[in-house]
Amino acid sequence: MPGENLILSIRNLNVVYWARRGWVKAVRNVSLDIYRGEVLGLVGESGSGKTTLALTVMKLLPTNAKILSGSILYYGLGKAVDLAKLSEKEIRKYRWKEIALAFQGAMNAFNPVMRIKDHFIETAKAHLGHVDEEEVLKEARELLKLVLLEPDRVLRSFPHQLSGGMKQRTLLALALLLRPKLIILDEPTSALDVVSQKVILETLRNIKREFSTTMILITHDLSIAAELTDRVAIMYAGKIMEVGGVEDIFYDPMHPYTRGLLKAVPVLKGTKEVESIPGSPPDLIDLPPGCAFHPRCPYAMERCRREDPPLVEVKPGRFVACWLYTKR
Amino acid sequence: MVQPLVKVEHVAIEFRSGRFLSRRRVRVLDDINVEIYEGETFGLVGESGSGKTTLGKTIVGLYRPAEGRVLYRGKDIWSMSKEEFREFRKQVQMIHQDPYASLNPVHTIFRILSKPLLKYKLATPDDVEEKVAQLLKRVGLTPPEDFMYKYPHQLSGGQRQRVSIARAIAVRPKMLVADEPVSMVDVSLRVGILKLLARLREELGMSLLYITHDLATLRYIAKGGRIAVMYLGKIVEIASVEELIEKPLHPYTQLLLAALPEPDPKVTRSKKLPKLRSIDIPSIANPPPGCRFNTRCPYYKAGLCDREPPPMIEVEKGHWVACWLYAKR
Ligand SMILES: Nc1ncnc2c1ncn2[C@@H]1O[C@H](COP(=O)(O)OP(=O)(O)OP(=O)(O)O)[C@@H](O)[C@H]1O
Ligand SMILES: Nc1ncnc2c1ncn2[C@@H]1O[C@H](COP(=O)(O)OP(=O)(O)OP(=O)(O)O)[C@@H](O)[C@H]1O
Ligand SMILES: [Mg+2]
Ligand SMILES: [Mg+2]
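Here the protein sequences come in this chain order: A and B. All residue numbers for the first sequence refer to numbering that gives the first Met the number 0, where the first residue is 0 and numbers rise by one. All residue numbers for the second sequence refer to numbering that gives the first Met the number 0, where the first residue is 0 and numbers rise by one.
In isolation and in its complexed conformation, chain B is listed as follows (with noise of 0.2 Å):
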């Protein structure tokens, strides 16, 4: 077998919310499981506040779980040194949705791409300046001359997104986390940046998680690569990207892709939404009982379905869901 590069064991991610005196726990993830393993892309789809953010980083170890385990290469994070967690840190690299948030507006392009080389010593004060345009080059951002001594809102939501990336590509990390990276780029440069991933991701052999609640973008982002679909902070279904696309299985799957609005009229408007039982999803801080989706699904069954979570199995090689229509008691 081989071993996964980051393993996701049960976890648990808690936040405090509320006022002073009605403060309390909301669990936003709840017994996560999932396996990434060298050079794949993975792709985690899911509605708003589903928690694809939490999850991504979570495993970037930037929150740590209130129950169960993130392994990098079988070690758990939240157990290593302080030295072996400073280099987990660089070699898992998260890009986020807002590239005018991410990127410091004061520092030049420059300074914000070789601020990394200079830290983990991947160049010297002598060479910088030639590595700085390489990564540049390495975006697509040339010549590099033009963009080195800008400042990020002197460049279009497309080009700071290409900084991003360059400064998450810098450290030569083994895993890119890229989190919702075109939400905010105009549709017709989204394109350029899937393609750049994906042509990095190979040339790097990296991994790459990228996040998204597209699931029309993940299909060419994942080219042969798994999908994991999220409701309400578990995961539902996994499967390779063409399964899950041709042959969803869960019931919430099945909604996403029926209710998904496609670029051609003849098709979107016959596409039609199943009779939910609610059209509304409930609060993640009162999750409902059972399986999450109860509340809205076609296939409800009172008893079952409200009482019991059910089990994630493999209902075909690779091809995972939780629902009891596929499960026995």
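For reference, chain A alone in the conformation it holds in the complex (with noise of 0.2 Å):
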């Protein structure tokens, strides 16, 4: 299956922060395959390492972070090249035309002195240069149509002019507007009113049946993920867990976190019992030996104590990081 409909396919990859106390292993030994049209939820806890993944696939992390070993393999363009192993020069031909971000808490990565309209046509010069500034105020108001927003009082309006829904919603058609390939959407509702994030939702499905882009979803709400996604990545403490089809992961979750996870979330109507998982997780600078959820895990076992289980393929599609699924 993978091959021609692979987008990205990321490998062993291993990154670290340095911070005064040691190094935080931020992603341990992720990989992770991406295919086009999809929409992937990456879903962990705070502090798992989503947001550091996103910024490693963009090339974007701060000075203190390193890249360990891996490798990611972006297939956008025709044949295989390693975003890991290009300079700064080489991956700007990538960042935000071929793959976009937009980054959590980015509703105030707006200029706050500029209007809306200059923001587009300052990112369509620093990527395409020489613009037709007809053109892109044209193109600017067919995607602030499909997030919902007035395009003409939008594009005259200065950031505080809008409320927090309303600029996520902006900062959507701007990611958009170079026509990315795979857009990253860190937290995109998060800090949003519930019906601002229901049409937010709704948007991305709309973006996704028009411009058939890839995405993948970061959240830490897993109604979210339910909400949006074709399949789903669980992540803790650095690494994947268990990786799945949107109704697999839901209905059927596989690795005791997972399972753990939904137990933990309340439900609106009927008789779910909710419990939490026991302990908290883990320091990313002093890890458990072996399986980072073995503290916390019901089903732990002499082995898991020791060795860190691999992600493995249980069944087609279905990949989980746990002893009780490999066989020796």
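Certain hints may be false.
Computed list of lysine-lysine pairs in DSS-like fashion (alpha-carbon distance at most 27 Å, straight line) [what the hints assert, rightly or not]:
hint: 1; chain 1: A; residue 1: Lys262; chain 2: B; residue 2: Lys222
hint: 2; chain 1: A; residue 1: Lys207; chain 2: B; residue 2: Lys222
hint: 3; chain 1: A; residue 1: Lys271; chain 2: B; residue 2: Lys222
hint: 4; chain 1: A; residue 1: Lys144; chain 2: B; residue 2: Lys222
Simulated from the structure, these hints should not be mistaken for lab results.
Put the two chains together into one complex; each comes in its own frame, and the hints tell you how they fit.
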């Protein structure tokens, strides 16, 4: 099934940050495939390494971070290119034009003294060189309509004249301006009211349909993943614990962490009992030996305390990193 | 009739806003009426900026109403003597959304918890260590010795929030106002905090005012209790938890329920938003005239909804709603 449908293929990626207390192992041996036209949900709790993974793909890591090993193969332009090995100059051909990232909390990323209209024009200029401003604005109007905003009013506005939800939707339109093939959305709806949230998710669904854009949706909220994604990858302590189709993950979770997480989320109707996972997430500087989840896992065995289980395909399309499912 | 523990009567809260020349008052709560009874769990739900925190802070006596009164056991808290007010402040405790900001980072957990115990003479220097240990056990931080001499930054978000809860119950309050206490806690640990609050309310016979924007959470914590829904500084509906979720009457409550994503792909994808007149929430500085929801409401009637604010009426026993769909002119 890989090959031509693949757009991004991450293999054995390890990323660390240097902090005062030591090395923070933020991304640990991550392997993940993303297929053309799909929405992949990257779900994990705070500090599990989701943003770090996104920044690594974009090569936008801060200076105290280091890619220790691994490859990030991008297939968008035909032949495979390893983004991890590109220089800063080379990556510019891919960043925003091929792969765009809507940053976490990016609502504050607008320049406060620039009208929205100029944000569109500047973005186009920075990446395409000389552009016809009218052309850019025509395109911007179309995109703003798509995200359910009044194009002319928004283009005229300064950022502070828009509400949080409007800014977030404007940002989406801006990220789409260069028609990237892959767009990474880091918590695109956090800090929004539930109505704007639903609207954004529906908008993303339309964008996917309209432009067949591939998306990686990063969220800590399982409900948002349930709403929009085709497949889900569950991350814990820098590692991918489970990958599967969205219905498989929600209706037949395999990894004990995925199960625990689903059990911990309240639902609006029905009689589901909720329960939290005992203990708390590990310190990424000083990880426990073996599986990082073993201190909290109800099924932990001797082997889990010694050896970190690899992510293996236990059924077609279903990957789990857990000794319960891995034959010796 | 049983006297409510706390009664909020026609309360308005105003803040000054804007720069020097354009300085004016913004009314962020308007004509709020709520009664909270002894031992009851009462949920306050609404979107960001609707005024939940402001109402919580008004109830614990941190904001003084521009209009209306807050009564504690029948007594207006703003005409209490200094002594009475001090006692009131002790009996009604609040825990905040951000456990990082509300715990002093340079004090140990022991110091944070012993302070209120000594201040209100609930412990003596001789037994304070034991009392602090009891509190820690009570909120599930065991063994206490592992936590007592740590600093807040050495604890996880969930553990820090447990310390805030311990501090609030140290003085044996009659009521606890919990403002989004789990929003900064890891998803996998939230339920633990909710269950702890529910258990403490029961054991200590407190009332619990639980503030959140998440109706699903509220359903678990406020089982058997009541919920008030806020929109742009107004309460639009009050009902028991079960009624409100099964039979929401106000178009805004219906919208909230329809928009809330759920952790189930089939369920959540089958939910559709009603056709709204507008997606965006108006600014609280310029609330629309009449019913504040009229600019978005799918049932909007021109000449009525944009003219007069609807009265709060009791449609069924204990189920109150402020909407012209249910009220007669
Ligand atoms: N610049 C940095 N320097 C040092 N450590 C960092 C830095 N950025 C992130 N970290 C650490 O790396 C780990 C992973 O962080 P990351 O931001 O990728 O998590 P996340 O899953 O995106 O979390 P959240 O849901 O809170 O956004 C965390 O332990 C975090 O504290
Ligand atoms: N001290 C203050 N001075 C001026 N304005 C304030 C103050 N506190 C709150 N406001 C304004 O009052 C309104 C209601 O705020 P409040 O914090 O009560 O909302 P909330 O429902 O708790 O929202 P959230 O869910 O974001 O916590 C907002 O518009 C806010 O900007
Ligand atoms: Mg992040
Ligand atoms: Mg608040």
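Could you work out which of the previously given hints the structure breaks and list their numbers from low to high?
Violated hints (numbers, rising): 2, 4; every other hint is consistent with the structure.
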